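If you read the protein sequences in the order shown, they are chains C and A.
Everything in the first sequence is counted per the UniProt record's numbering, starting at 1 for the first residue and increasing by one.
Everything in the second sequence is counted per the UniProt record's numbering, starting at 1 for the first residue and increasing by one.
Read the hints as simulated data drawn from the structure, not as lab findings.
Keep in mind the model is a prediction, meaning the values are calculated, not measured.
Since no wrong hints were added, every one of them can be taken at face value.
Computed Cβ-Cβ distance ranges for the label pairs, DEER-style: (1) C:Arg204 with A:Arg303: 27 to 35 Å; (2) C:Ala82 with A:Ala43: 58 to 66 Å; (3) A:Arg204 with C:Thr65: 53 to 61 Å; (4) A:Ala103 with C:Ser6: 39 to 47 Å; (5) A:Glu13 with C:Leu108: 30 to 38 Å; (6) A:Asp279 with C:Arg55: 54 to 62 Å; (7) A:Arg85 with C:Thr110: 26 to 34 Å; (8) A:Arg245 with C:Thr110: 27 to 35 Å; (9) C:Glu72 with A:Tyr198: 44 to 52 Å; (10) A:Ala82 with C:Arg312: 50 to 58 Å; (11) A:Leu20 with C:Met1: 55 to 63 Å.
Note that CB positions come from ideal geometry on N, CA and C, so glycine has one too.
2 protein chains.
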Amino acid sequence: MPFRLSHDEPDFEGRFGAFLDTARAADADVDEAAAGIIADVRARGLAAVLDLTRRFDRFGADENTLRISEAEIDAAIAGIGAPEREALELAAGRIRAYHTRQAPADALWTDEAGATLGWRWRPVESAGLYVPGGLASYPSSVLMNAIPARVAGVSRLVVAAPTPDGRANPLVLLAARLAGVDEIWRVGGAQAIAALAYGAGPIRPVDKITGPGNAWVAAAKRRVFGHVGIDMIAGPSEILVIADRDNDPDWVALDLLSQAEHDESAQAILVTDDPGFADAVAAAVERRLETLARRTIAGASWRAHGALIVARDLDHAVELANRVAPEHLEICAADAEGLAERIRHAGAIFLGAHTPEAIGDYVGGPNHVLPTARSARFSSGLSVLDFMKRTTLARMSPGALRAIGPAAEVLARAEGLEAHGLSVRSRLDAMNE
Amino acid sequence: MPFRLSHDEPDFEGRFGAFLDTARAADADVDEAAAGIIADVRARGLAAVLDLTRRFDRFGADENTLRISEAEIDAAIAGIGAPEREALELAAGRIRAYHTRQAPADALWTDEAGATLGWRWRPVESAGLYVPGGLASYPSSVLMNAIPARVAGVSRLVVAAPTPDGRANPLVLLAARLAGVDEIWRVGGAQAIAALAYGAGPIRPVDKITGPGNAWVAAAKRRVFGHVGIDMIAGPSEILVIADRDNDPDWVALDLLSQAEHDESAQAILVTDDPGFADAVAAAVERRLETLARRTIAGASWRAHGALIVARDLDHAVELANRVAPEHLEICAADAEGLAERIRHAGAIFLGAHTPEAIGDYVGGPNHVLPTARSARFSSGLSVLDFMKRTTLARMSPGALRAIGPAAEVLARAEGLEAHGLSVRSRLDAMNE
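Based on the sequences and whatever the hints tell you, model everything.
Rendered as structure tokens:
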């Protein structure tokens with residue numbers, strides 16, 4: 001049964017707090033195994049990558065077949081039907097339009113002291129995008145990672161994707177082509193992350209690695225962080241729906257199940273101000289669970305991690321949502337915008353009953369790579385900024401150095417850094433000569 | 001002797017590449033030790049923090065003395081002289097003015113499909129700033145970390161700083177007060193990071209941790225990353241100076257030594273187009289090393305990691321600088337701005353002969369927390385954005401859902417996510433009824 005709690009029950013606070021603290025990540029501790037794989041790839045390069053690919057993906061690639069050729073891509077995508085192709089093109093166009101607006105502005109100004117200051121954004125030169133194999137091999141994720149990189153101006157964009165038994169997902173290949181990916185390598189797991197970070201034979205290293213992955217991939221990303229940039233460490237994902245009684249319980253049930261069907265450790269939470277509506281949604285979820293293709297996964301997620309919470313009112317619902325800091329937040333109520341205004345922590349907000357979270361997964365435009373497991377408290381979804389970096393600029397006129405240099409000298413002396421102080425003093429003395 | 005290389009020597013490329021690949025980080029592998037300390041603090045909370053503080057800092061704090069009281073701060077800063085106080089105030093004002101310009105803009109628009117899209121920035125609620133004890137206890141770093149957090153709107157700003165033998169640095173306390181820090185705790189090392197991430201007795205957990213630290217602090221930050229946000233993993237820092245012959249060799253020598261005096265693993269590199277100028281700078285460095293207070297550290301850094309590189313011309317110098325991706329880049333040449341335009345990777349650029357890097361360490365305005373060890377290829381200096389996060393917004397009108405919903409449905413089906421598709425379909429069907 002999903003967790004159920006109402007504001008008028010005894011110890012609501014304690015029980016809500018305990019619910020929040022329940023860990024959902026059941027990741028195996030594979031940190032040492034990942035470290036071993038990284039060391040192997042650094043030591044043996046391509047040979048290690050080929051060995052591990054044979055072992056984990058049952059695929060005997062060699063130096064020439066490790067990269068998926070343009071001809072292979074052509075052949076694979078030729079069989080894709082028009083509806084799928086058009087849907088991916090529509091999604092790519094909308095994602096590109098949204099992310100193009102994120103391009104940051106440079107700045108340069110001269111202040112009253114005569115100091116010219118500013119900053120300038122430049123793209124990361126090369127980026128590697130990890131695409132999981134198996135169940136979670138999603139073409140939509142390729143678009144969501146690759147398009148912001150291209151909009152940022154990344155010049156070399158690489159995909160690493162395991163191809164279990166040598167089979168690649170044609171829609172993933174099409175998404176990579178639509179997004180302008182330059183190279184696709186048939187390699188997965190920690191060995192893919194190691195190859196992207198340090199290079200391996202024909203796989204040249206990249207500067208930044210993004211994309212979701214299993215526990216090995218996550219552990220490897222944590223390990224290579226610092227040598228290259230990484231996006232975030234993705235945890236189990238969640239949705240929180242705030243809905244009042246003026247909603248269709250079946251729509252809300254399907255939105256909850258959209259999250260639950262991803263993964264047994266996913267979490268779907270309804271917060272409503274009406275106990276009768278909570279009952280109706282619970283019933284609708286059970287009805288849908290009877291026929292849903294992924295009912296085993298969705299049912300396990302719903303029973304283990306699902307929640308129906310009855311808040312005092314919609315303001316209370318907003319407060320509870322802030323404490324959850326959900327990856328996805330739907331607000332289905334008359335004044336959705338007014339309630340959203342007071343949300344401080346959420347990866348993405350979907351406003352109104354006609355904005356199911358699934359729209360955001362595919363065609364809305366905003367990124368679907370979002371902070372999970374309460375990390376919306378301190379991080380943001382993937383964006384163009386993740387593929388750019390800022391250089392600060394400063395030029396002192398002689399007058400500016402005269403005005404603020406002495407303070408730098410005082411602070412350098414206070415910190416015991418004599419050369420710092422002298423580097424300012426030698427210039428000031430020359431000006432006074 | 002510092003490394004010396006000229007463009008006209010045989011195998012310039014190979015030798016420059018080998019120089020780039022030379023690792024300078026000699027951090028002990030303290031990952032397991034840090035993990036043990038984090039586990040101890042999570043299990044025993046305050047008791048563990050007090051035990052570790054007694055052991056590592058020789059300071060027997062209890063629950064009441066672990067936090068530095070306002071009265072203690074008042075007493076400590078009363079003895080600070082006017083020049084130091086005024087210099088810190090000038091620095092704080094300039095840093096605040098620069099960072100205030102970084103406040104990001106929200107956006108909201110409606111596109112031709114009828115989808116209202118956008119994003120919104122909100123501050124992280126609480127942030128913890130680590131301030132090292134001992135040699136590297138720098139008041140300027142307190143300003144550089146705390147002011148962007150305050151400008152971002154962080155509501156609770158906490159400092160953790162070891163106080164070896166119970167002694168706190170008065171200038172650090174003054175900087176914390178000027179920057180508006182709310183709490184200062186006498187705790188250092190991995191135990192400080194654990195307490196900030198998970199809480200320990202009176203130390204409530206924070207959402208984001210920033211600030212420099214030794215190998216234990218770095219390992220602990222890497223471990224808690226994901227549960228809380230962190231800034232970057234700082235490595236040994238570096239400066240690269242591009243200077244032509246029309247510069248004072250002594251000024252450039254002092255700028256190189258400003259970096260070298262920080263730390264034996266720091267790196268100072270001159271790239272010039274004139275071999276005679278390289279000789280003159282080398283001689284000036286040696287002269288200054290005779291008298292510099294920190295000549296042991298600066299000399300060790302210069303001999304082990306320093307470099308004098310003679311480029312073909314200033315364009316070649318720019319190309320080499322891009323390959324180094326230095327934390328600090330000074331450009332002392334007539335057309336500094338023109339050369340800077342082609343720099344793709346650098347944490348901060350200092351333009352012209354009157355902008356010694358030391359100005360940027362203290363009073364320039366831009367942040368001095370910058371990407372080290374070539375990570376300017378993929379990351380930026382600390383900024384207001386590090387203390388904010390972005391929530392994306394989406395609202396579909398019924399018409400927008402009709403226009404783009406079917407594509408989402410197609411993609412959901414292609415990815416085998418039936419509930420995703422049904423969440424769109426159920427709404428479309430209701431509209432058609």
